[in-house]
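**Q** Hey, can you work out the whole structure from these sequences and the hints?
Chains as they are written, first to last, in our numbering: chain A, 1 to 344; chain B, 1 to 344.
For the record, the hints were derived by calculation from the structure and aren't laboratory data.
Check the hints yourself; a few may be wrong.
Reference listing, derived: stretches of chain B covered by chain A, where coverage requires no fewer than 3 residues with Cβ under 8 angstroms from a Cβ of chain A [unchecked claim]: (1) 17 to 23; (2) 46 to 60; (3) 140 to 150; (4) 196 to 210.
Note that the structure is a prediction, hence the values are computed from the model and not measured.
Ideal placement from N, C-alpha and C gives every residue a C-beta, glycine not left out.
Each chain, written out:
Protein chains: 2
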Amino acid sequence: MKLSEIGEFGLIERLQLLIGQRQQAALASSTSSGEPQGLLLGIGDDCAVWRYGDVTQLATTDTLVQDVHFILENTSWQDLGWKALAINLSDIAAMGGIPHSALVTLGLPETAAVEGIEALYEGMLDCGQEYSTLLIGGDIVSAPLFFITVTVVGQASGRIPYPNNVLLRSSGVAGDAIAVTGHLGSSAAGLKLLKAGIHPPALGFALDAHRRPVPRIGTGQLALEAGVRCGMDVSDGLVGDLEKLCAASGMAAEVAVARLPVRQELREHFPQEWVDLALTGGEDYELLLTGPAEVLDAVRERGDVPISIIGRMQPGVPGQVTVRSEDGTIMKMGRSGWDHLRRG
Amino acid sequence: MKLSEIGEFGLIERLQLLIGQRQQAALASSTSSGEPQGLLLGIGDDCAVWRYGDVTQLATTDTLVQDVHFILENTSWQDLGWKALAINLSDIAAMGGIPHSALVTLGLPETAAVEGIEALYEGMLDCGQEYSTLLIGGDIVSAPLFFITVTVVGQASGRIPYPNNVLLRSSGVAGDAIAVTGHLGSSAAGLKLLKAGIHPPALGFALDAHRRPVPRIGTGQLALEAGVRCGMDVSDGLVGDLEKLCAASGMAAEVAVARLPVRQELREHFPQEWVDLALTGGEDYELLLTGPAEVLDAVRERGDVPISIIGRMQPGVPGQVTVRSEDGTIMKMGRSGWDHLRRG
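**A** Structure below.
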């Protein structure tokens, strides 16, 4: 069976099953006490989580591959370095965690320009400096094309007692409001502009969002401290990611297009496409949080990042997300994007 | 400047300098106390080392790229999985550490066979089970060719007080005996046999050494507990790796070909090449340890892995390794391998 037949998510499901079966046996046979060697959470959330003594630790890894995740013509090395670290920091933020250190693996062709690689590291160091994350090691390997894998380790805030000290995808409950930080669709719009080779001055924020995503580390910690328990980051697109959160929580959800935080300039420049960009654009690296509306309001008041309530968790088919259009109809993803389905 | 002009090690040197300069500034500006946020050792040893509270933590990462580090025709997926994890565990062993968890990133073409990927994970899970290391997360990305990046985190043994609880490349002193575990050259011989498509029954150990390297985790911990302070693993070839250890320790060294632990069957099958295979073959994943001869003897007596004293650390040009042949002459690496240079 080829990977293309079951897709990346199909493969991940099979591997999760395999790893779960094998390691359950390994754990049972290796520990007489039944203690899971400190592992709290493996594959299936934004970070792996385990305990050493009193400290709850986090680790995550993300990779960018040339011509798959970036095109060298469209990006500067420095921006690429920033982004490679930032998307990992966003996973730490998604758990409400504090990043600590990063390991960096580069796959490089022999023809790579040394100055470019140094600029890439400058971009990573800029991002690391901004978010208190040290580059502590890594590996450089020869490869026919360029790729960069970053692994970030960190810890949960010591201010919240275990086991409530991380935001989990699985902690959502019926009635929770669903909130998102910042604005949606900007990064996907930026990519469209880059591909088209146009740079309208009013849409500079979209190019920035695509090139230099901002990990919401402070907001993740604020949310946890305010009492939020459920969250993830929006990397693959709002609806797809909310479906994962809902599946993990055993819930359904509804979101309202009228409430999506999308910048006015983006709505004006992409009048036909802004809903698609916001619902499925991807690479926003904003936080998706669920909790009581008043708790989410408190997070907004204590931080300096916009937080918008866009919908609600509800009982239903686990993982099912309903999108309600501005005129109250239910929308569905079709071949040419999100479209009205029927009266809701 | 192209990477090919300065090579991988030239690039690493430049990046170490850049990272050192930038992070020194970041550390100085971000910490009023001058404490390095717990970072003990960054780039330049087998693992990065830092402290959380009372625990000394370790992390390392290594990558295998198709057609660079392996050829799919020469390897089974299961062996490849074992090796991808084992070479990282070897870095933990090289610090005398205890591995804990692994994150795995796969780059996969759409045409990859799902059964192959599952076999790859079976191999990793076999290795993880053998050495008490859990697969806790990772990333799967689309890529035009296959690559696998593994990051392993672990900790130093709690039985040795900080700061002597890790083996460092930089801890070698003049007069130290130099020892190596197991046998040298087997993996490189195995690769030669695989490339030639021959499988002499007497050399099965060489194929095994190449396909399923054994991380010396127990020996690394025994060495540390016996009082050894200096070590690394032999991954790029004995002489090249000993040069790195000597450079880090500010020492020179001499090794004697007569003392190299090379299996008899390998000497017989490769009468012209066994010295080269042992000195520069690479991928042995044995431990290189330096310390008082009686301490190294004690490690041998307490463990079940062969340990051979092969030379001595001595004052001299830092990083310079002298190789003495069986007849007492000094050898030098030439175009066709190691050769006699002059009477010693």
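**Q** Are the hints correct? Go through all of them and say.
**A** Hints versus structure:
1. For a cut-off of 8 angstroms, the count of residues in the segment 17 to 23 of chain B with a CB near a CB of chain A stands at 4, and the three-residue condition holds.
2. Counting residues of the segment 46 to 60 of chain B whose C-beta sits closer than 8 angstroms to any C-beta of chain A gives 10, which meets the bar of three, so the coverage hint holds.
3. With a cut-off of 8 angstroms between beta carbons, the segment 140 to 150 of chain B has 8 residues touching chain A; three or more are needed, and the interface restraint holds.
4. With 0 residues having a beta carbon nearer than 8 angstroms to a beta carbon of chain A, the segment 196 to 210 of chain B misses the requirement of three or more and the stated coverage is violated.
Taken one by one, the earlier hints fail for this structure only at number 4.
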